[in-house]
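> Sequence:
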Amino acid sequence: MPRKDLVTYPKKTGYRKHTGMVAWLLHRITGVIIGAYLIMHILGVSGTVSALSSVTGAAVVKALFLVSFSFHAFNGVRIVLMEFGAGAHRENFSKYFMAVVFITIVITVIGAIPIFS
Numbered sequence: 004m005p006r007k008d009l010v011t012y013p014k015k016t017g018y019r020k021h022t023g024m025v026a027w028l029l030h031r032i033t034g035v036i037i038g039a040y041l042i043m044h045i046l047g048v049s050g051t052v053s054a055l056s057s058v059t060g061a062a063v064v065k066a067l068f069l070v071s072f073s074f075h076a077f078n079g080v081r082i083v084l085m086e087f088g089a090g091a092h093r094e095n096f097s098k099y100f101m102a103v104v105f106i107t108i109v110i111t112v113i114g115a116i117p118i119f120s
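The letter at position 34 of the sequence shown is residue 37 when you use the numbering used here, and the numbering goes up by one with no holes.
Quick caveat, the hints were computed from the structure, so don't treat them as lab data. Quick caveat, the model's predicted, so the values are computed rather than measured. By construction, the Cβ of each residue, glycine as well, lies at the ideal position given by its N, Cα and C atoms. Hints are supplied without guarantee of correctness; some may be wrong.
[What the hints assert, rightly or not] Per label pair, the in silico range of CB-to-CB distance: (1) 105 to 83: 14 to 22 Å; (2) 42 to 94: 33 to 41 Å; (3) 42 to 95: 31 to 39 Å; (4) 34 to 101: 28 to 36 Å; (5) 80 to 112: 18 to 26 Å.
Turn these sequences into a full structure, and let the hints steer you where they fit.
Structure representation (structure tokens):
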């Protein structure tokens with residue numbers, strides 16, 4: 004006879020991919036990218052890393068950092084607004100997230116022009 008105090012899980016388990024989970028995951032990934040870039044920037048005073056930055060692919064890395072930084076910054080603002088109750092209703096999560104994605108795309112396109120020119 005099974006004990007009643009044990010937690011049982013349904014046979015079919017899995018994550019429901021909702022907007023909040025995607026935003027959380029992208030926020031974590033961009034945070035790691037920003038941290039890695041910061042370490043590379045600090046080590047950039049050495050000649051080895053400076054030589055690597057002159058490679059043609061460095062523009063792509065800078066553009067990816069721009070995407071990461073802008074998403075991380077604007078998603079952080081979204082999180083602060085949600086925590087303080089500005090539109091903290093479930094139906095506003097997707098709207099705010101899509102606004103963050105749109106602003107990130109606009110900032111990236113504007114910022115990538117000088118990077119690639």
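> Compare the structure with each hint and give your call.
Consistency of the hints with the structure:
no.	hint	in the structure
1	105 to 83: 14 to 22 Å	holds, 18 Å
2	42 to 94: 33 to 41 Å	holds, 40 Å
3	42 to 95: 31 to 39 Å	holds, 36 Å
4	34 to 101: 28 to 36 Å	violated, 21 Å
5	80 to 112: 18 to 26 Å	holds, 19 Å
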